[in-house]
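Input sequences plus hints: build the corresponding full structure.
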Amino acid sequence: MTPMPITPPTPPTDFQEPRPAMSTTPSAPATQPVPQAPTGPVTVYLPQGGFARAVAARLAGEGDVVVPVDQGLVSAYIPYADRAVLIADPDQSGLREDLDTLSFTRSMPSLGLELFPTELRCGPLVVPGRSACYRCYDRRRRQHGYRPLPEEVITEHGPLEQAYAHHHVLLGAGLISLALQALDHPEAAVENADDVPRIGGQVWTIDLVSGVTTCARTVAVDRCETCSGRYEGRRDGLPELAALLPGRRTSGRTSHDPDRRGEVA
1 MTPMPITPPT PPTDFQEPRP AMSTTPSAPA TQPVPQAPTG PVTVYLPQGG FARAVAARLA
61 GEGDVVVPVD QGLVSAYIPY ADRAVLIADP DQSGLREDLD TLSFTRSMPS LGLELFPTEL
121 RCGPLVVPGR SACYRCYDRR RRQHGYRPLP EEVITEHGPL EQAYAHHHVL LGAGLISLAL
181 QALDHPEAAV ENADDVPRIG GQVWTIDLVS GVTTCARTVA VDRCETCSGR YEGRRDGLPE
241 LAALLPGRRT SGRTSHDPDR RGEVA
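In the working numbering, the protein residues as written are 1 to 265.
Mixed in with the good hints, there may be bad ones.
As the list claims (entries may be wrong) - Beta-carbon label-pair distances, calculated as ranges:
hint : residue 1 : residue 2 : range
1    : 107       : 65        : 25 to 35 Å
2    : 42        : 72        : 18 to 28 Å
3    : 184       : 152       : 36 to 46 Å
4    : 155       : 207       : 38 to 48 Å
5    : 130       : 156       : 33 to 43 Å
6    : 152       : 177       : 17 to 27 Å
7    : 228       : 61        : 28 to 38 Å
8    : 212       : 67        : 28 to 38 Å
9    : 166       : 222       : 42 to 52 Å
10   : 143       : 40        : 33 to 43 Å
11   : 105       : 207       : 29 to 39 Å
12   : 228       : 142       : 31 to 41 Å
13   : 153       : 130       : 17 to 27 Å
14   : 155       : 76        : 35 to 45 Å
Since the hints were derived computationally from the structure, they do not count as laboratory data.
All C-beta atoms in this analysis are idealised placements derived from N, C-alpha and C, irrespective of residue type, glycine included.
Below, the structure is given as structure tokens:
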């Protein structure tokens, strides 16, 4: 049997790269950047409508979260944050009440910004356990004559989105920044060193016609089912006091009922 000839390897030419020697050592994995923790409070922005998205895009910083709520606010979709800011068209009471629920459930401060035809309104700044809630604010406004859009109009036509200009976005972003600054540094608003800082409840407005800017506080409604829990400690003696009232009303007075004549009323 004739042996087969062995062809010697062809030396590399100028047009052929030499093959590198194979190595069994695995290459080191690429270094992944270490996620950095936020350096400041994390804010979740909840925009509804075009104006809201423009304001949120201007304000949201690194670490902040933007969750559109055009189709409604679902608390399960809202990630952890130190405070929540809802930016919406006027009279979105459903969204504002959902924000209140989220705020008090998580003990998280919240804020709302609305663009009206002639006014920008930012507030109330709700701090659970320290301030009035949005429901108190809404009741106070109605007491002073404010009438929102009828529910059937909102249901049939949806939110009446407001036209806006670039400077409206700047003003809205400025109001929110002012409110968050008041939240982070409540002592800055104290005029007297002996005063205790009042946290939350502020409502800031800018009249888009005259340019006048105002700030007022929301007074909580008595026995509000959302925010009055912070006063429970002051009501500890009320049941005992109420138990004394019938005795105080009836002592020393004779009944004038002919069927109970002679009895002490």
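* Violations among the numbered hints -> Numbers 1, 4, 6, 12, 13, 14 - these are the hints that the structure violates, sorted from lowest upward.
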